[in-house]
Amino acid sequence: MNGLAQIRIRNLNVWYGNVHVLRSITADIPPRRITAIIGPSGCGKTTLLRCFNRLVDNDDNARVEGDVLVDGENIFAPDVDVTLIRKKMGLLSQRPFPLPMSIYDNVAYGPRIHGTAHREEIGPLVEKYLRMTNLWDEVKGRLREPAARLSVGQQQRLCLARGLAVEPEMILADEPTSALDPVSSRAIEQAFRELKDRYTVILVTHILRQARRLADYVFFMYMGELVEHGPAELIFESPRERMTREYVSGIIS
Amino acid sequence: MAGGVAEEKAALLMMRLSCLAVLSTFLGIIGMVVWRGLPTLRLEMLFRTPSAGFYMGGGGGVLNAIVGSLLMAGVGTVIAVFMSIPVAFYLNVFAPRNSHLASAVRISLDLLCGIPSIVYGAFAFAVMLMAGLRASLACGTITLAVLCFPIMARAMDEVLRMVPRELAETSWSLGATRLETALRVILRQATPGLVSAAMLSFGRAVGDAASVLFAAGYSDRVPLAPTDPAASLPLAIFFQLGSPFPEVRDRAYAAALILTILVVGVGLAARRLSAARSRHVVR
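Residue numbers (our numbering), protein chains in the order written: chain H, 1 to 253; chain A, 254 to 536.
The reader is advised that the hints may include incorrect statements.
Which residues of chain H face chain A? A few of them, derived with a C-beta cut under 8 Å, are [as the list claims (entries may be wrong)]:
| # | residue |
| --- | --- |
| 1 | Asn58 |
| 2 | Asn74 |
| 3 | Pro100 |
| 4 | Ser102 |
Label-pair restraints from in silico Cβ distances [claimed, not checked]:
| # | chain 1 | residue 1 | chain 2 | residue 2 | range |
| --- | --- | --- | --- | --- | --- |
| 5 | A | Phe279 | H | Arg186 | 29 to 39 Å |
| 6 | A | Leu494 | H | Asp57 | 51 to 61 Å |
| 7 | H | Asp71 | A | Ala528 | 15 to 25 Å |
For the chain A half of the interface with chain H, some residues (derived, Cβ under 7 Å), not all of them [to be verified]:
| # | residue |
| --- | --- |
| 8 | Arg295 |
| 9 | Glu297 |
| 10 | Arg350 |
| 11 | Ser426 |
| 12 | Ala429 |
| 13 | Val438 |
| 14 | Asp503 |
What the hints contain is simulated information worked out from the structure, not anything from laboratory work.
This one's a predicted model, so the numbers in the text were calculated from it and none came from an experiment.
Glycine is no exception: its CB is placed at the ideal position from the N, C-alpha and C atoms.
Could you build the full structure based on these sequences and the hints that come with them?
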């Protein structure tokens, strides 16, 4: 079973200056599942996510110890090409950030910089990924318009399509619906359900009900520690730790 | 509570008065230049060089100064753009966090911006003497480039700082390198601001008299080679204003009007240009 894990975290510690924000995390993230990372704000969920694609490198005074293995390769090894790691993972952030270009160019950005598609293949690719995120019908008539003119909900789906166009193996999502209205949130959740057969999805969320709706596997974090992790039904129905039980039943938040 | 309201009213009054000062300064300067300059502005001023006796009220124009100013400030600005953009991108995208080099550069730029232009002129003059160069169009151009480089680099630094960090992270998370991110995303987002920064320094360069006084010299002829001495509009204004003849002094205001129109015209043109590119800017 262990061989299937796409991300293996081994004794991962992160400090921001003197603050120890991730404490000795060791766990595996199963492939082609939705893994939800839950926990109260400030517990280190986002930092953990930022370790997976090494965006943590850009944070002020961040120091990382330990290993994160993606497909068996330690991504914190000194000779690793960080762009190749990031190419394996699409990121969806709390607020959508369209790039300052047209809807079409946003989706085409990844294929263009990676040179993975010929000019004539890009058009069909853009359509494919916009369809995958259920955005095609809404934007097909205005692909050349600035992406910033879309609604926030549409922008978030565009960001997802843009990430998928890089052909990643995983999708990292950091509270991807927190800026969205309920209808747009449902559209994103629906997209995740459709995608999990093909991608490993890691979803940071502070919305317990969202985790219950989507997650196959759950990490519960508290104060920088991974308190408990396991299949979703186990974490939600019969958690081993008292802390987890209190959190999932809403006693602590 | 009543005291609070009075305080607010007083503060508001102060702010409004200050805003009024901005408008009246603007209108005052433009009004004065137009009022004194327009009556003496002839087409001849734009298309002819000074004739014999120009400085005693004779015929001719300031074509020499217009060409000199446009060439020196225009080329100088272009040189400064190519020097400033790498600095601004290094400071904001490439420099490691808390980089000592970056903070040293920022402090240097701040200090350089505050140095009066006559000091740049004197510096250029000293270098030219050491190198055995005479006052010329090329030396004036380089002096103006050096003069407006810190202003432009500092302004561009501020522009790039305003680009949301998440925009760069978005591009990185798609597997783009820093250079790809800089050229394809940040440059696009920042283009309107970068154009304004370049315009601001063009305005400074074209209007500066002190730094080109020694570096470019002055000549009644249109400069045809980089080694020719070159006139500039600010110096043309200065020399004519110092004349005892009232008609020559009036012509100084006409030259000032030409200079003002030039700066405003170039600024508006650049604005039009960057507006076309700002369609995609993310706010």
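Status of each hint after checking the structure:
About 7 Å separates the beta-carbon of Asn58 of chain H from the nearest beta-carbon of chain A, less than 8 Å, and the hint is met. Because the smallest distance between the Cβ of Asn74 of chain H and any Cβ of chain A comes to about 18 Å, over 8 Å, the interface hint for this residue is violated. The beta carbon of Pro100 of chain H comes within 4 Å of a beta carbon in chain A, closer than 8 Å, and the hint placing it at the interface holds. For the restraint placing Ser102 of chain H at the interface with chain A, the shortest Cβ-Cβ distance is roughly 7 Å, inside the 8 Å limit, so the hint holds.
Separation of Phe279 of chain A from Arg186 of chain H is about 53 Å and departs from the stated range, judged on CB atoms against 29 to 39 Å. Under the hint 51 to 61 Å, the C-beta atoms of Leu494 of chain A and Asp57 of chain H, about 59 Å apart, fit the expected range. For the hinted restraint 15 to 25 Å between Asp71 of chain H and Ala528 of chain A, the CB-CB distance of approximately 47 Å leaves it violated. Nearest Cβ of chain H to the Cβ of Arg295 of chain A: about 47 Å, over the 7 Å cut. The hint is violated.
With a least beta-carbon distance of about 48 Å to chain H, the hint placing Glu297 of chain A at the interface is violated under the 7 Å criterion. Taking 7 Å as the C-beta cut-off, the interface hint given for Arg350 of chain A holds, the closest approach to chain H being about 6 Å. The interface hint given for Ser426 of chain A holds, since its Cβ lies 4 Å from the closest Cβ of chain H, which is under the 7 Å cut-off. Among the interface hints, the one on Ala429 of chain A holds; its C-beta lies about 5 Å from the nearest C-beta in chain H, closer than the 7 Å criterion.
A least Cβ separation of about 5 Å between Val438 of chain A and chain H falls short of the 7 Å threshold, and the interface hint therefore holds. Hint on Asp503 of chain A is violated. Least Cβ distance to chain H is approximately 49 Å, over the 7 Å limit.
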